[in-house]
Amino acid sequence: MDETVAEYIRRTVLKIPRDEIKMMLQKWGFLSEAQLQTLNFHQVKDNISQDVVQLCEENSADIKQAAVLDIIYNHTYHNKRMWSVYQMKKTGEELEYFDLTDFKKKFKKRLRSALKNVTITFREYEDNAIWIRVAWGTPSRKPNQYKPSYVVYHSQTPYAFISASVLKSNLPLLCQALVVASNYHDIREMELRSHSLNSLKDIVFKRYSQNFQTYCPKPLQEKNVEPENVDLRIVQENRSEKERIQRVNQEVFGDGPQPILEFAHYRLETMFKSDPKMDILDKKEPFRCLVKFSSPHLLESLKSLAPAGMADAPLSPLLTCIPQKARNYFRIREKKGLFPETFVSP
Amino acid sequence: YRFSRGRLREYARLLGAAIAADRHRGLAVQVGRDTDIAVALSSLPGLQGSDRDPAALLVQLSSRSQAYPKNSEDKIVWSGCFCCVYGDDLSENLPEDFTCLPLFLANGAETYTSIVGSWFQKTFDCSFRRLAISPLSLSWMVAMWAGCKVDKGASAVELVFSVPCLSQPLDISYAIHPEDAKALWDTVQKTPGEITQEEVDVFMDCLYSHFHRHFKIRLSAAKLVKVSTAIAQAHCDGVVKILHSQYLSGVLMLLTELAITQIQ
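Protein chains in written order, with the working numbering: chain A, 17 to 362; chain B, 29 to 292.
These are calculated hints, taken from the structure and not from any lab test.
Backbone N, C-alpha and C define an ideal beta-carbon position, used for all residues, glycine too.
Incorrect hints may have been included.
[Unchecked claim] A few chain A residues that face chain B, going by a derived Cβ cut-off under 10 Å, partial list only: (1) Met39; (2) Phe288; (3) Lys289; (4) Cys305; (5) His313; (6) Ser317; (7) Lys319; (8) Ser320; (9) Ala322; (10) Met326; (11) Leu334; (12) Ile348.
[As the list claims (entries may be wrong)] With a straight-line cut-off of 30 Å between C-alpha atoms, the simulated DSSO-like cross-links for lysine-lysine are: (13) Lys269/B x Lys308/A; (14) Lys105/A x Lys222/A; (15) Lys351/A x Lys244/B; (16) Lys180/B x Lys308/A; (17) Lys258/A x Lys177/B; (18) Lys177/B x Lys289/A; (19) Lys210/B x Lys351/A; (20) Lys300/A x Lys177/B; (21) Lys106/A x Lys222/A; (22) Lys254/B x Lys96/A; (23) Lys244/B x Lys31/A; (24) Lys251/B x Lys308/A; (25) Lys244/B x Lys300/A; (26) Lys351/A x Lys341/A; (27) Lys222/A x Lys244/B; (28) Lys177/B x Lys308/A; (29) Lys289/A x Lys150/B; (30) Lys180/B x Lys300/A; (31) Lys251/B x Lys289/A; (32) Lys289/A x Lys103/B; (33) Lys269/B x Lys258/A; (34) Lys308/A x Lys210/B; (35) Lys351/A x Lys180/B; (36) Lys254/B x Lys308/A; (37) Lys308/A x Lys244/B; (38) Lys244/B x Lys289/A; (39) Lys341/A x Lys244/B; (40) Lys289/A x Lys210/B.
All chains, please: the whole structure from these sequences, using the hints.
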């Protein structure tokens, strides 16, 4: 077995939390059940990984099998990577039957025609998700297995989720191969990025509970927002306002759990307008700002701003449109014409 | 109390001994068994505001490998600087035998900072505390520094807010193009060379209302935790970064004033 393959397998196993190693090796299926029985999973990880490498040596593992183990690891711990969403476009309307073999063949052919040294690995998962792992090399160097790119393509949709490696220059080639293999004709990057792959899928596949702008349900009388204080001496001063905020929040954000995003970026190029009393800065040029919101669960934290008294309800559509518009990068310019208070986001 | 400029060498020796003793007890950073910590104390006459300010005192800890003393150079592992820039308020009413250097800047491992701090506390009967910078002071800093003239390509004027008491914590970074921030400050400031609380408030209110117009969020209710400009950066925990040597004196003067306020 190649020494580099051995080292790669060893390092991959080291990444896995000790309690999960057995399960992941089983999913991998490269080592037989009998071989797995010989492993002591209670020793230090260093020793476990050495033993695994030893067994792989017996089975003469090559880089193809090692790459599959890496895909399994990244599929399980997909939240460790940053994912960007891409959308593909077709020219015609025909829904072609998706042929997996044909897809793989075309993908490999397109990549290999441009770059000889690449490692390409595929693995199919439930809900039509195809995971593709690509390790990149150069004409003179073998592929760097430690900085691969991952593509998660849902064959029944025009969406692909890409976690590129640091080598951004390979991204156009990757996109091209994807477009050619899936019989689309164009691809564009959506302004949507997050670590939570499932949340990105929820957003583009519209799997989260959305607000319905046209239908405004009356709040149910029995539905209590917070448990009321038992002490009757405490009276809610702003009860009606509190209830209004809750109702508006619900209309805007919907009832169900929000997709998990970690940040939203806004590049503001709008005019500065102050209180007319203040007589400040009447410039003709925009007031250039860059605003970044970050949180472990951005949409949940935004949703709780108004009830906490820190924001108006309803919250600005610039923030609440994030799931519907399927983006978290915005560029806001002043809208010219009748309503200078509204903004355009190109 | 009873600090004497003439005895710097002796102080360095005593401090060095204190550090070595701490390491013996296993309390200090483990630099390696074969390295020694050398202490150097020196006066920095340039770092003052007026002549009434006492000269700054520089403390440096450097490590030298014992095994190969000739090969390796001394590497500075920790620096501290006591200074006073325009601290007139304090030096006026100072009793005899007292030297007052209200601002202490430390750079390096926290363990060394605490050893040096405790030694000075024991030896000169003084007290050390982290300088917490309030949102009010931070807004002064950002207003002042945003108004400074800077070169092209200067970094943005950034305010970082934290909203901790929500179901999920939220951080908001509000960065403004330095030219636009300066233009705003220039229209707010009425008398050049003088800044009033009212002007700082107007400046901040402008920024808050521009933000509110877009996002409907009241930034004034969030906690301002960090400000950053091309001149300097300051964090509410007392971590400061000075980026422009031209304005060093101004930044230190502001910090000295904050330190004196906290002492009083």
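- request: Mind listing which of the numbered hints don't hold for this structure, in increasing order?
  value: When the structure is compared with the hints, numbers 1, 17, 23, 29, 32, 33 turn out to be violated.
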